[in-house]
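**Q** Counting along the sequence shown from 1, when you hit position 503 you're at 642 in my numbering, and nothing is skipped either side.
Be aware that one or more of the hints could be misleading.
[Said to hold, decoys possible] For lysine to any residue, the following SDA-like pairs were computed, each having C-alpha atoms within a straight-line distance of at most 25 angstroms:
{"hint": "1", "residue 1": "K1150", "residue 2": "P1216"}
{"hint": "2", "residue 1": "K850", "residue 2": "S872"}
{"hint": "3", "residue 1": "K1251", "residue 2": "N1182"}
{"hint": "4", "residue 1": "K583", "residue 2": "G1052"}
{"hint": "5", "residue 1": "K848", "residue 2": "K864"}
{"hint": "6", "residue 1": "K663", "residue 2": "Y625"}
{"hint": "7", "residue 1": "K722", "residue 2": "K756"}
Treat the hints as calculated values from the structure; they're not laboratory data.
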Amino acid sequence: MSVNQQTHTGPPYGQPQPGYQGFQQPAYGGQSLPGAPQSQYGAYNGPVPGYQQPVPPQGYFPSLGFPSKGSPVSLNSDTSLAPNFIGSLRAPPTSGAPPPASGASHPSGHVAYSQFEHGDVQNGIPASAAPMQRPPASQPFLPGSAPTPVSQISTFQQYGPPPGSVQQLRNHMAGMTIGSTAASAPPPAGLGYASVPPVSGSVSATGSGLYTPYSASQGPPLPSVSQALPVAQPPFPGQTIPTQRLPAQVPGFTPPPPSTGVGPSSYPPTTGAPRPPAMPGPPLPGQTVAGPPSSQPNHVSSPPPPSAMAGLHPGPPMSGLHGPPPPTHPPQPGYQMQQNGSFGQMRGPQPNYGGAYPGAPNYGSPPGPPPPPKRLDPDSIPSPIQVIEDDRNNRGSEPFVTGVRGQVPPLVTTNFLVKDQGNASPRYIRCTSYNIPCTSDMAKQSQVPLAAVIKPLATLPPEETLPYLVDHGESGPVRCNRCKAYMCPFMQFIEGGRRFQCCFCSCVTEVPPHYFQHLDHTGKRVDFYDRPELSLGSYEFLATVDYCKNNKFPSPPAFIFMIDVSYNAVKSGLVRLICEELKSLLDYLPREGNMEESAIRVGFVTYNKVLHFYNVKSSLAQPQMMVVSDVADMFVPLLDGFLVNVNESRTVIASLLDQIPEMFADTRETETVFAPVIQAGLEALKAAECAGKLFIFHTSLPIAEAPGKLKNRDDRKLINTDKEKTLFQPQTSFYNNLAKDCVAQGCCVDLFLFPNQYLDVATLGVVPYQTGGSIYKYAYFQLETDQYRFLNDLRRDVQKEVGFDAVMRVRTSTGIRATDFFGAFYMSNTTDVEMAGLDCDKTITVEFKHDDKLSEDSGALLQCALLYTSCAGQRRLRIHNLSLNCCTQLADLYRNCETDTLINYLAKYAYRGVLSSPVKTVRDALINQCAQILACYRKNCASPSSAGQLILPECMKLLPVYLNCVLKSDVLQPGPEVTTDDRAYIRHLVTSMDVAETNVFFYPRLLPLTKADVDSDSLPAAIRNSEERLSKGDIYLLENGLNIFVWVGVNVQQSLIQNLFGVSSFSQISNALSTLPVLENPFSKKVRSIVDMLQGQRSRYMKLIIVKQEDKLEMLFKHFLVEDKSLSGGASYVDFLCHMHKEIRQLLS
140 MSVNQQTHTG PPYGQPQPGY QGFQQPAYGG QSLPGAPQSQ YGAYNGPVPG YQQPVPPQGY
200 FPSLGFPSKG SPVSLNSDTS LAPNFIGSLR APPTSGAPPP ASGASHPSGH VAYSQFEHGD
260 VQNGIPASAA PMQRPPASQP FLPGSAPTPV SQISTFQQYG PPPGSVQQLR NHMAGMTIGS
320 TAASAPPPAG LGYASVPPVS GSVSATGSGL YTPYSASQGP PLPSVSQALP VAQPPFPGQT
380 IPTQRLPAQV PGFTPPPPST GVGPSSYPPT TGAPRPPAMP GPPLPGQTVA GPPSSQPNHV
440 SSPPPPSAMA GLHPGPPMSG LHGPPPPTHP PQPGYQMQQN GSFGQMRGPQ PNYGGAYPGA
500 PNYGSPPGPP PPPKRLDPDS IPSPIQVIED DRNNRGSEPF VTGVRGQVPP LVTTNFLVKD
560 QGNASPRYIR CTSYNIPCTS DMAKQSQVPL AAVIKPLATL PPEETLPYLV DHGESGPVRC
620 NRCKAYMCPF MQFIEGGRRF QCCFCSCVTE VPPHYFQHLD HTGKRVDFYD RPELSLGSYE
680 FLATVDYCKN NKFPSPPAFI FMIDVSYNAV KSGLVRLICE ELKSLLDYLP REGNMEESAI
740 RVGFVTYNKV LHFYNVKSSL AQPQMMVVSD VADMFVPLLD GFLVNVNESR TVIASLLDQI
800 PEMFADTRET ETVFAPVIQA GLEALKAAEC AGKLFIFHTS LPIAEAPGKL KNRDDRKLIN
860 TDKEKTLFQP QTSFYNNLAK DCVAQGCCVD LFLFPNQYLD VATLGVVPYQ TGGSIYKYAY
920 FQLETDQYRF LNDLRRDVQK EVGFDAVMRV RTSTGIRATD FFGAFYMSNT TDVEMAGLDC
980 DKTITVEFKH DDKLSEDSGA LLQCALLYTS CAGQRRLRIH NLSLNCCTQL ADLYRNCETD
1040 TLINYLAKYA YRGVLSSPVK TVRDALINQC AQILACYRKN CASPSSAGQL ILPECMKLLP
1100 VYLNCVLKSD VLQPGPEVTT DDRAYIRHLV TSMDVAETNV FFYPRLLPLT KADVDSDSLP
1160 AAIRNSEERL SKGDIYLLEN GLNIFVWVGV NVQQSLIQNL FGVSSFSQIS NALSTLPVLE
1220 NPFSKKVRSI VDMLQGQRSR YMKLIIVKQE DKLEMLFKHF LVEDKSLSGG ASYVDFLCHM
1280 HKEIRQLLS
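My request is simple: use the sequences and hints to build the entire structure.
**A** Have a look at this one:
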């Protein structure tokens, strides 16, 4: 992506930003400048009379801002490595505090960027090949003529008023540039503020990310510049400039030779030379960028000023910038200008930075009025929507054939077909990188985590083939003698096929006589294509009795439904609803392929302070109830008749389900137990000698006297303290021990929670989490609005494919090994992941580390083997194999990364971190790791350029935006309305999510419904998650995998409202709708079909929430507009990008 944008407009910023004080401004070499008053001059704006305009040199196209010999537009991006540059950044926001008086010193001790706490990132694919439009640069940038401001609605204006005078402006003029390529030995500077030490008698330019600092002795004097740009004032000798710390000069860094001829010079003028106008640079270290004050609360991103683009579909990432035309200036010798892949420069005034110096005698004429501050155009920074769209267009039409080692698959957002030809489908395994470093030193240098997100039982689309089941009879699967790896396509047959060499450990093993086959002239077995384990990446083996517990084939599993019948559950109608649903749902229990009926047996328990077991034996006329009141010593009062076949006991079960709501209709019991309920289910499965699943429907904190009794420990005062981690930890170890017993028996727990107050999800969730189960939560459950969602979740949960009593092991070829695991499971040793149950939605994330060198020739191999019991009681092994490339060049690593998978891993890593570290530490570590990943790329892979430019690897250009979303998530940065239970719940959910789920969870999908084509099956083109993209006259849908919001603008046409909601005006739309009304018109049908399509893609039924513009629910909706600032202090995408740039520059210097 190569664009050299020069324009950017933005809202005016009025006052200095809080949070930049606290850093004494060091001068260039790091030494502090003695305190002196700030400049009392306004900004220098534009050329003044008498300022010479030199003729541009040959080969320089003024409209481009960089020299070119051929066509003015150069867009030949190297898709795999072209650096991405970011255009002008928004100036920092104001807090409403008055500007400090001239010479006022700033209080120290304010932590720089302390409010910068959030982030989420994701991965991208090649940049758009469409040429980016660049505003014409030939228009004069007249002194005093303000650029056309972006259309702005005053009520949403979050930034201070425009500076009213030169006096007021003096504290916040400075700029920034992100753009231009990476330097292998980067120049020093903050986020682009390469400030130059004053040379005696001279006035040096600062503020331009393009002007890298060199001392005057290093280079020739700077020629005069043809046209003035906004200038930031350099430090005068003895002046203190608050809050910017410039790293010291990197030793040995020499300026680019003058012969490069690529743009303006980076040398300061010598004494007496006219001062060149500096291009404003990026924000200073320790400075937040743009947006409302950071102290605001969370869940709702505050609105940025809506731009003229509101409601338009964004085009390719940088088309059509708004704002004044860029000034033109000829290249200066020796200055590296932006290169292909740049997102253009960023300029914007900077609060707390000495103003420009117009009116100095050197210039010979009075200044014009100050220019308005600039804002980085959001269209000029990498767009997730564009990356997703490009990938769909480039990779959605061809099938993804897995025969080649180390291929990066299409993005999870692209619809594609997979053809297994020897490597597992990306639906089963996705990696953070498909080309891994050969040495651990290289891996440490890049900081890119090597991880695989594995979903062993993933559901495939109907047009793809399920893994074949291979039966080798009593001898079982063929394996390596030493490492026990299973036969796979990478094993090498030798000695005419009599032996094979293991691809994981190189050990040679005899081929069993029954498995022998001759080799063809290429060394392949002649039955290669007849055997799935020799030609496919994924397949199953039928396990022999040796793979079973106690050397006994397992019995079919059982489902036990355990229903809370306390006062709350009965009163809300929940008990009746569950019983009604189970009558029909029991006919849809999972079954093996072609079986007529499910082999799964069922049992029923109800409970409050005591437990009620039911005998539903087929020979009984009526069900029998047995009560166990001694909850301290739980036992199952009956064996025969508790677990039954649904068809045999159908009438008795139906009778029981009719009676339960009536039996407890008048209950006054409000207290419940919880741990004894799990113990009862566990004992029942033990007695029946089978694995199974408990479906527990629970409403309140278990405070009744019993094992596992809990107290209310909810304490919001712990947030942002060192004790915050206790909110995520279980309050007792009792449940950990119970979970261990459940895993040993193959007893998986799925928990449906219906809380009206604090329930301690962190503790109640321990057993579901460690047994591989799921948690569903319906806060303030109301029958009319929530029953549809709950019933859909229950149906899917009961019917989905699940493996019981599962053990998973990941083997790797020599050189790397699995060292860390994330997900819902239990581990009793360092290698085996144990799960009482594993369903088709659960993922296990595995991190790998080097334990030796790898070779580029042989690559690296992974084999995931899952041993489990199917729903029919069959013991099976499911095998997934994947081969990766290895590299000795960092550029190859960065070309083959998958940002979506990287974000999935980083989110899980962070969400586990909050159990043991303060949340701030976790957030800082995330930001630091991503800055290191990008700094390593900049230093080692991108071509040398100014430090004022942010350069991102092509396939990681979405890392900043997605990381920011992770940092702003409720677990890491909760708003005031996010409960402790919500945070624990989301932590549990994300830990088991696959890559597609984390993608939409952290960066929700936003669709303009009014733009949908009612005659086609396709979805309308998505737009970016920012309030300025919304138009008052449109209706939008936002989904994140848990909720679907339908946002209705105040100016939507009445006919659309009538067609969608069946009411005649905006004011009549009801917020209480939980489903859209079924109306017979094309628009209603289209919108409902879109909602149904999205629901079908997600593992949970999403809650529908209708949001009217300017309604109180809009705050919740805005929380999901993740490119904007959040009320909890989360930065906007633009601001976070500046912050990341600053972090990268600090690392490089």
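**Q** It remains to establish, for every hint, whether it holds in the given structure.
**A** So, going through the hints one by one against the coordinates:
Distance hint between K1150 and P1216 is fulfilled; the C-alpha atoms sit about 20 angstroms from each other, no more than 25 angstroms. In summary, the hint linking K850 to S872 is supported, as the alpha carbons are separated by about 14 angstroms, within the 25 angstroms threshold. For the given pair, K1251 sits about 17 angstroms from N1182 by alpha-carbon distance, which is consistent with the 25 angstroms threshold. A threshold of 25 angstroms between alpha carbons decides the hint, and for K583 with G1052 the separation of about 20 angstroms falls inside it, so the pair holds.
A threshold of 25 angstroms between alpha carbons decides the hint, and for K848 with K864 the separation of about 21 angstroms falls inside it, so the pair holds. Only pairs whose Cα atoms come within 25 angstroms are accepted, and K663 paired with Y625 is accepted, the gap being roughly 18 angstroms. For the hint pairing K722 with K756, the CA-to-CA distance comes to about 16 angstroms; that is within 25 angstroms, so the pair holds.
Checked against the numbered hints listed earlier, the structure breaks none of them; every hint is satisfied.
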